[in-house]
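4 protein chains.
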Amino acid sequence: MACEHCCGSDDDAVKHKHREMQEKKSLMTRLNKIEGQVRGIRAMVDDDRYCVDILTQVSAVQAALNSFNKELLARHIKTCVSEDIKEGNEEAVDELCELLKKLMK
Amino acid sequence: MACEHCCGSDDDAVKHKHREMQEKKSLMTRLNKIEGQVRGIRAMVDDDRYCVDILTQVSAVQAALNSFNKELLARHIKTCVSEDIKEGNEEAVDELCELLKKLMK
Amino acid sequence: MACEHCCGSDDDAVKHKHREMQEKKSLMTRLNKIEGQVRGIRAMVDDDRYCVDILTQVSAVQAALNSFNKELLARHIKTCVSEDIKEGNEEAVDELCELLKKLMK
Amino acid sequence: MACEHCCGSDDDAVKHKHREMQEKKSLMTRLNKIEGQVRGIRAMVDDDRYCVDILTQVSAVQAALNSFNKELLARHIKTCVSEDIKEGNEEAVDELCELLKKLMK
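Chains as they are written, first to last, in my numbering: chain A, 1 to 105; chain B, 1 to 105; chain C, 1 to 105; chain D, 1 to 105.
Below 30 angstroms or equal to it, Euclidean Cα-Cα: the simulated DSSO-like pairs (lysine-lysine) are:
1. Lys33/B with Lys70/A
2. Lys101/D with Lys33/D
3. Lys101/C with Lys102/A
4. Lys24/A with Lys102/C
5. Lys24/C with Lys33/D
6. Lys101/A with Lys24/C
Ranges between beta-carbon positions, derived for each pair:
7. Asp94/C with Gln57/B: 23 to 29 angstroms
8. Ala64/D with Glu20/A: 38 to 44 angstroms
9. Glu71/A with Lys86/C: 23 to 29 angstroms
10. Glu90/A with Met28/C: 24 to 30 angstroms
11. Lys105/D with Lys70/A: 14 to 20 angstroms
12. Val14/A with Lys25/B: 30 to 36 angstroms
13. Gln22/C with Glu91/B: 53 to 59 angstroms
Note that these hints are calculated values from the structure, not bench results. Here the structure is a predicted model, which means the values were calculated and not measured. Glycine residues also receive a C-beta, built at the ideal position from the N, C-alpha and C atoms.
Whenever a hint applies, use it, and build me the whole structure from the sequences.
Here you go:
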């Protein structure tokens, strides 16, 4: 199963997917920010900062990760899943349903 | 309001709280791991990895952050909130209820 | 847009979808149980039951609703969304992404 | 352990807690509404309504249950937990931390 959007090759267990530069840049920007936020929380713990202030920052990181997930998931559905369905391959649909079970805790 | 567990001083807007070495080490270890996981996800995006594999890793980071929150929140309730209540200061109780509204989305 | 799985007609704002008897029965059984659980919680409040016991029951209802959502969402993706994509209609894909934003709080 | 707010007696496994009329009425009103919403969703399934419309209603019920939880939890912390801490009984604190682990999935 190799489509223009999702170039996972059978012999290589690691699946890859080509993304447009703009999409990739947006995802990387989000992750850079999240990494900085986590480092900031570490500095707060190191500095013996008050619990509620730390917990509030963690909740902001959780929101940022949730937004990252929504952006990536929407792209995945609009490219990989749609392409697979058009090619009559239901695998990506089952895979999506399994993934959603994990994300919708 | 300055207690052995929660030493926020009125003139300094930033509140601090002394934590035992062991507690601090546990929180820092968790955050180091989370930071490493976020960096790993960035490398996956950079390497054009398949969406579902990336989303699965993000869900692991969210679970790790949730565990961090639970540990810190339990410590906060058992020290800061309990101390404040014993001293007749209801502020920490209102603060806890406001915090839980944010964490219980 | 009227497909065998998803028979929403344009002139009637309310969209309908034919479901197999077995699927419908499974969804109804889940909802009957949930309704009974909510009634049970109401009886607990009426009986002045302890907060933690009530909150534990509510958390069970939330888990049951989450399972209901996952079952219905999987069916929706495997029928409505897949059918629409095969017919070249991207509307259901956009609709799914919007829905997931709501469900993935 | 029997306090004015939380009158669970040792010989009776079921713990009770006296609530003011106003608090009880507010909780019951919320639950009546939630029960009606669940019944409404059952009618939608029975009427073969479109999946996305049903899922949107379920998400509204989940939000209503979450608000119910926050109201009851805040009352619990401000009465039972605070009373117990003032009486030097740490049991309610441990119980609260265990409960939060469940609610903060």
